[in-house]
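> With the UniProt record's numbering, letter number 467 in the sequence shown gets 467, and the count goes up by one each step, no holes.
Misleading hints may appear alongside valid ones.
[To be verified] Computed cross-link-like contacts, SDA-like style, restricted to lysine to any residue with a CA-CA straight-line distance of at most 25 Å:
{"#": "1", "residue 1": "LYS318", "residue 2": "SER333"}
{"#": "2", "residue 1": "LYS187", "residue 2": "TRP91"}
{"#": "3", "residue 1": "LYS115", "residue 2": "GLU206"}
{"#": "4", "residue 1": "LYS45", "residue 2": "ARG199"}
{"#": "5", "residue 1": "LYS318", "residue 2": "PRO280"}
{"#": "6", "residue 1": "LYS221", "residue 2": "ALA106"}
{"#": "7", "residue 1": "LYS45", "residue 2": "TRP91"}
{"#": "8", "residue 1": "LYS187", "residue 2": "ALA131"}
Since the hints were derived computationally from the structure, they do not count as laboratory data.
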Amino acid sequence: MLSLRDVARLASCAGRAIGLLTLSIFLVPPQAGAQSSPPAGLPVKSALIQQLDAEQPQTIVVYGTSLTAGGAWVHQLSTRLNARYPDQITWVNAAMSGKASASGVANLDDRVLSKQPDAVFIEFGMNDAFAVYPEGNIDQGITVDQARANLEQMITRIEQQNPDAQVILQTMNPSWDAANGNQSGTKRPQLPDYYQMYREVAAERELLLIDNHVVWLTLQKNQPEEFAARVSDGTHPDSNGYQRFVTPAILHGLGADNALTLLVDVQSGRAVLHNQSATPLEFIGYTLSSPEAALSTSWTSLADQQCEGWHEASPSTKFLSELNPTESLSLASDATIDLGTAWNPSGALDLSFAYQTPDGVQHEGLVVYTTSVETMVRVAGDYNGDGQVNLADYTVWRDLLGASVAPGTAADGNRNGVIDSGDYLAWKACFRRQPSRTGRRTPATIDSVPEPATIALAMAATAMLPTRLLW
């Protein structure tokens, strides 16, 4: 059985988790030769992936503009999912080049509903924003409000036909006035407003949103020449652009089994390693690379986090690498390791990521540029949201003891919807002192951990029986 000191040490090197983080009140000894992170929940999988994992055949319809009709992301995504789920998926590309959401509504029965879809990808924002359709065209002059109504109608009709169907919305790339003279940007002056509407509809209807727009905007700002090369005609990204910026985001958003993935927040530069597989993953080394020197040597390495045996390898703005020559680190399913600000937010979006498993095999990991790392990463046991696990979090737990909350919010560290003794143990396992002058966190001493009154723990325990406390 692990001691509290062991738990605190391990939590200090792998205590950050995304999504369904659960800190079990039963601690299982790690296998010999491997460091263990705190247990986490299974990865958050979309309904589509859940059905595919259950070996259910699925029909996927992609619907939208020429960004879908001829977009390389469709082939890239289908190739990846077909390889993982052979003979299970029927793909239908129902998109229409040059059309907007009014056409989308008018053609929904024939092009989408007739296919009896289990999942539908929708993007019409690019052409809804097109301001110069000719007089009398069905798509002429679609306002943001009209685009919203059209989108809502398509979603409603899909869900009416099949309440279990999953609708996935996408924002796409900006348009710009390329040298070809098409004036793609000028003709779409309000494009960001249409994309914002997609965000709002996704949030209101609790739909999966793949928000590509902000990532493309970052590329356009940080590397204007690279953006121009990737979207050379002003509207349509090339295959390379989709492969680097869109397809990885879709795979991650769907919750596909992507093994060890690097998530990079384009707004803050914060990076995390995310085990997006259903089983623990062991690795003994990793490397982040940036040919254009966009990495930050002030990143929070595993060595900085006092993970035993980990050593930095001459960090530079082109390479951040660590190796453990003595033992592997086992990252629980859906758990993450926070690497801090590993990327310069004004730098090139040119990262690659590789990691090495104990068998010596080098793996190329997925790199996903996103805007959600800061909101997704929550320190286990950090109940007041200040990024630290300290006595203030104990106070939050104490004051809320017995309350019912939305799972995973407030002081619900074990995500059962009740503030109880399990949440105290989750906090206690991750409690550690404030950073020292060196910037490193050191495990808390046992006698610094407050113990709640026996009667309080007993009251809380009744809400979660059968359980047992470890101390």
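> Of the hints given before, which are not true for this structure?
Hints 1, 2, 5 and 6 not satisfied by this model.
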